[in-house]
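Colleague: The listed protein sequences derive, respectively, from chains A and B. Residues 2 to 434, numbered by this note's numbering, are exactly what the first sequence covers, in order. Residues 2 to 434, numbered by this note's numbering, are exactly what the second sequence covers, in order.
Where hints are given, some of them may not hold.
[As the list claims (entries may be wrong)] Calculated cross-link-like contacts (lysine-lysine; reagent style DSSO-like; alpha-carbon spacing at most 27 Å):
{"hint": "1", "chain 1": "B", "residue 1": "K372", "chain 2": "B", "residue 2": "K58"}
{"hint": "2", "chain 1": "A", "residue 1": "K201", "chain 2": "B", "residue 2": "K423"}
{"hint": "3", "chain 1": "B", "residue 1": "K201", "chain 2": "A", "residue 2": "K423"}
Since the hints were derived computationally from the structure, they do not count as laboratory data. If you're wondering where the values come from, they're calculated on a predicted model, not measured in any experiment.
Number of protein chains: 2
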Amino acid sequence: MTQLEMARQGTMSAQMLAVAEREGLPPEAIRQGLAEGTIVVPANPGHAGLIPCGIGKGLSTKVNANVGTSADYGTLDTELAKVRVSLEYKADAVMDLSTGGDIAAIRRAILADCTLPIGTVPIYQAGIQALDRRGSMVEMTAADLFDVIEEHARDGVDFMTVHCGVTQRALARLRTQTRLTNVVSRGGAFLIGWMLHQGKENPLYEQYDRLLHLATRYDFTLSLGDGMRPGSLADATDACQIEELLTLGELVDRARVAGVQVMVEGPGHVPLDQVVANVQLEKRICKGAPFYVLGPLVADIGAGYDHITAAIGGAIAAAAGADFLCYVTPSEHLSLPDLNDVKEGIIGTRLAAHAADIVKGVKGAAEWDRKMSVARRNLDWEAQVGLSLDPARARAVHGRFATKGETCSMCGPYCAMALVEKYLGIAAPRCVV
Amino acid sequence: MTQLEMARQGTMSAQMLAVAEREGLPPEAIRQGLAEGTIVVPANPGHAGLIPCGIGKGLSTKVNANVGTSADYGTLDTELAKVRVSLEYKADAVMDLSTGGDIAAIRRAILADCTLPIGTVPIYQAGIQALDRRGSMVEMTAADLFDVIEEHARDGVDFMTVHCGVTQRALARLRTQTRLTNVVSRGGAFLIGWMLHQGKENPLYEQYDRLLHLATRYDFTLSLGDGMRPGSLADATDACQIEELLTLGELVDRARVAGVQVMVEGPGHVPLDQVVANVQLEKRICKGAPFYVLGPLVADIGAGYDHITAAIGGAIAAAAGADFLCYVTPSEHLSLPDLNDVKEGIIGTRLAAHAADIVKGVKGAAEWDRKMSVARRNLDWEAQVGLSLDPARARAVHGRFATKGETCSMCGPYCAMALVEKYLGIAAPRCVV
Numbered sequence: 002m003t004q005l006e007m008a009r010q011g012t013m014s015a016q017m018l019a020v021a022e023r024e025g026l027p028p029e030a031i032r033q034g035l036a037e038g039t040i041v042v043p044a045n046p047g048h049a050g051l052i053p054c055g056i057g058k059g060l061s062t063k064v065n066a067n068v069g070t071s072a073d074y075g076t077l078d079t080e081l082a083k084v085r086v087s088l089e090y091k092a093d094a095v096m097d098l099s100t101g102g103d104i105a106a107i108r109r110a111i112l113a114d115c116t117l118p119i120g121t122v123p124i125y126q127a128g129i130q131a132l133d134r135r136g137s138m139v140e141m142t143a144a145d146l147f148d149v150i151e152e153h154a155r156d157g158v159d160f161m162t163v164h165c166g167v168t169q170r171a172l173a174r175l176r177t178q179t180r181l182t183n184v185v186s187r188g189g190a191f192l193i194g195w196m197l198h199q200g201k202e203n204p205l206y207e208q209y210d211r212l213l214h215l216a217t218r219y220d221f222t223l224s225l226g227d228g229m230r231p232g233s234l235a236d237a238t239d240a241c242q243i244e245e246l247l248t249l250g251e252l253v254d255r256a257r258v259a260g261v262q263v264m265v266e267g268p269g270h271v272p273l274d275q276v277v278a279n280v281q282l283e284k285r286i287c288k289g290a291p292f293y294v295l296g297p298l299v300a301d302i303g304a305g306y307d308h309i310t311a312a313i314g315g316a317i318a319a320a321a322g323a324d325f326l327c328y329v330t331p332s333e334h335l336s337l338p339d340l341n342d343v344k345e346g347i348i349g350t351r352l353a354a355h356a357a358d359i360v361k362g363v364k365g366a367a368e369w370d371r372k373m374s375v376a377r378r379n380l381d382w383e384a385q386v387g388l389s390l391d392p393a394r395a396r397a398v399h400g401r402f403a404t405k406g407e408t409c410s411m412c413g414p415y416c417a418m419a420l421v422e423k424y425l426g427i428a429a430p431r432c433v434v
Numbered sequence: 002m003t004q005l006e007m008a009r010q011g012t013m014s015a016q017m018l019a020v021a022e023r024e025g026l027p028p029e030a031i032r033q034g035l036a037e038g039t040i041v042v043p044a045n046p047g048h049a050g051l052i053p054c055g056i057g058k059g060l061s062t063k064v065n066a067n068v069g070t071s072a073d074y075g076t077l078d079t080e081l082a083k084v085r086v087s088l089e090y091k092a093d094a095v096m097d098l099s100t101g102g103d104i105a106a107i108r109r110a111i112l113a114d115c116t117l118p119i120g121t122v123p124i125y126q127a128g129i130q131a132l133d134r135r136g137s138m139v140e141m142t143a144a145d146l147f148d149v150i151e152e153h154a155r156d157g158v159d160f161m162t163v164h165c166g167v168t169q170r171a172l173a174r175l176r177t178q179t180r181l182t183n184v185v186s187r188g189g190a191f192l193i194g195w196m197l198h199q200g201k202e203n204p205l206y207e208q209y210d211r212l213l214h215l216a217t218r219y220d221f222t223l224s225l226g227d228g229m230r231p232g233s234l235a236d237a238t239d240a241c242q243i244e245e246l247l248t249l250g251e252l253v254d255r256a257r258v259a260g261v262q263v264m265v266e267g268p269g270h271v272p273l274d275q276v277v278a279n280v281q282l283e284k285r286i287c288k289g290a291p292f293y294v295l296g297p298l299v300a301d302i303g304a305g306y307d308h309i310t311a312a313i314g315g316a317i318a319a320a321a322g323a324d325f326l327c328y329v330t331p332s333e334h335l336s337l338p339d340l341n342d343v344k345e346g347i348i349g350t351r352l353a354a355h356a357a358d359i360v361k362g363v364k365g366a367a368e369w370d371r372k373m374s375v376a377r378r379n380l381d382w383e384a385q386v387g388l389s390l391d392p393a394r395a396r397a398v399h400g401r402f403a404t405k406g407e408t409c410s411m412c413g414p415y416c417a418m419a420l421v422e423k424y425l426g427i428a429a430p431r432c433v434v
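The whole structure should be built from the sequences, with the hints applied where relevant.
Modeller: Encoded structure:
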């Protein structure tokens with residue numbers, strides 16, 4: 002039985018209990034959210050050592066870190082190092098997007114090493130294998146694709162991005178739209194190339210029941226990909242994107258009927274004032290399925306600093322109900338991330354998730370800020386360092402310039418905290434002027 | 002005559018023309034905004050070499066960079082280097098917040114060197130001089146304070162933060178509130194100490210006409226400081242903060258009557274879902290006076306990464322109508338910024354301002370993103386580098402890992418842009434799979 006089937010028949014699984022414990026919520030709340038489809042717990046029984054993580058309504062906003070090689074760069078070692086950084090800076094999930102080297106070996110090593118839920122995009126491997134074995138991506142067969150999906154499932158992959166909504170209908174919309182940046186999803190682009198060359202429907206849509214069958218058998222979670230997501234602000238929330246979303250809404254229903262956990266992926270590049278509408282649309286059309294957003298990036302011009310562009314959009318999206326934020330690193334649009342980019346991407350996305358969790362009323366979220374503010378008022382630097390997202394950095398920056406007192410080098414003896422405590426007598430002064 | 006007086010009587014000043022040219026708007030729109038008080042053009046006639054900058058409704062969102070020494074760190078050279086970085090990364094204004102070394106000499110050197118509008122907080126110098134000359138900050142006289150304000154005005158300072166709303170009434174509210182972090186404004190804290198020790202009203206409030214007289218005489222712009230701004234999310238939008246805002250609303254009226262340009266400063270630490278309300282409150286209570294926000298920081302826990310916390314809040318605030326964003330650097334709450342922090346702070350804040358300008362409909366804002374997206378679609382790396390906020394960084398990141406084609410090392414030969422162009426035939430393929 003899948004987690005969803007267990008939840009529906011009232012069985013409390015070890016995974017549900019673990020999620021409840023971590024969120025500080027009653028196990029019944031997790032079971033009920035799972036049963037209703039507003040929560041997913043991606044947990045492939047084949048992923049040994051997995052610490053289960055819940056994603057969805059009422060839970061803290063989760064953060065995914067992408068790792069993976071490309072044809073140009075990356076080895077098993079570089080990517081395992083990124084997984085370690087992801088664990089250190091507390092990402093909640095990792096996706097292995099490898100498209101270079103021994104893709105299967107990298108995936109297996111990551112699954113063996115990482116206690117976080119692992120996601121993949123099987124079309125990458127299927128397309129690249131077709132290139133190797135059949136001379137071109139577009140010669141891939143449907144069987145090739147489903148074989149790779151089953152291979153990932155057998156390996157223990159917890160959730161898979163499947164671009165089932167890239168249909169001939171969506172493609173027709175793409176042709177009639179005047180998009181600035183047509184398709185920026187690699188998986189979407191693979192499938193569109195295939196569909197155009199073969200003159201056939203997307204097998205992930207046409208043979209969706211075959212996909213559901215595999216998902217039931219191995220209990221992996223579907224992450225319905227947004228192959229038609231906008232790649233520029235000018236393309237956001239257009240008919241092509243929404244056509245795909247409508248299809249994903251239908252596919253959410255069919256997954257739930259089949260007992261398969263499902264979440265939905267969303268944009269992308271979105272102007273700030275359309276972010277909330279995008280979340281509301283997904284929640285309505287996809288009946289409350291957890292929403293996994295890629296950004297959103299609220300500007301196209303942030304090259305080198307897109308972790309910030311994404312943190313702005315991600316915070317607004319999560320506050321409006323998005324459940325899962327895919328990190329964006331400073332190297333987005335320019336190159337694969339290095340280890341420092343992975344760290345910066347995770348921390349920026351965690352800040353966005355946390356800012357949203359405060360206003361979502363997630364248990365413990367505001368309390369963290371409260372503790373930090375108490376430490377700040379008390380000029381307790383050790384506590385501030387301990388409460389920060391990156392203690393080593395906080396310590397280094399605080400200690401960077403000589404300080405003569407217990408304050409910091411920004412205000413020195415003229416620290417407002419210290420002055421007001423002295424004059425208002427609210428607490429013992431730490432610093433005398 | 003001040004800029005405001007000229008605008009009211011229909012005179013088009015050179016400053017108004019320069020602002021109109023820069024914004025791509027009709028000069029009459031600038032004159033009218035100035036006359037109505039929804040736009041300010043801080044331009045002290047004593048600031049030789051100033052390139053005027055407009056702040057307010059209908060204009061692009063502006064970004065301020067703070068520089069300045071503390072008792073612990075910084076010299077004239079370090080701070081002039083920060084001014085150069087501010088010019089290089091295109092801040093729109095610079096505030097000199099020096100509290101260490103020869104404060105007057107630093108200010109004069111910055112004014113001589115910098116073509117951007119320069120702001121200061123005269124209470125810092127007044128308080129520190131009182132400490133030196135009278136043995137304690139709280140022994141400062143009202144005359145001492147106004148002498149320093151006049152000195153700054155004579156030096157050519159374009160705008161000054163004056164915490165006129167830190168009144169006995171606000172202090173009474175502070176005593177009855179249970180604030181987590183009482184007062185985090187240095188200027189506010191100086192004045193509160195003084196008011197408590199002297200048992201008197203804040204001279205900047207009590208003798209506001211004296212301040213207006215100086216502002217008229219030298220034509221500097223008042224930036225009404227928010228000494229009661231929240232220093233933690235828990236304190237945001239409380240009675241103490243709003244009490245001060247009500248006072249600032251009255252003082253805006255009086256400044257306008259006197260022919261003095263005025264803007265209003267705002268928080269601070271604010272939960273994401275209260276940011277818009279804070280902007281609407283200021284716009285209503287202060288009758289459309291330009292709003293200059295310090296962040297807002299949408300979490301308290303961002304130490305080491307507060308440029309990101311501030312970018313989230315700043316983008317939301319600016320989209321809701323805030324006109325002027327004070328940058329926050331990664332070293333906020335920890336230490337004075339170094340040169341790299343200044344750069345990161347400016348770029349993060351410019352991204353926030355730009356994301357807002359797109360949805361504000363600021364002339365040329367969306368066009369910049371459009372150009373970047375066209376360059377991205379065309380895999381034109383030189384154009385992308387040229388359009389980025391930090392071309393050197395964009396170039397370095399793109400070139401970091403070897404790429405075999407014209408794509409980037411993230412996707413290599415599997416670039417969606419290249420694939421879709423090939424199969425959809427929308428543009429010449431740059432990359433063959």
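Colleague: Honestly, which of those hints from before does the structure not fit?
Modeller: No numbers; nothing is violated.
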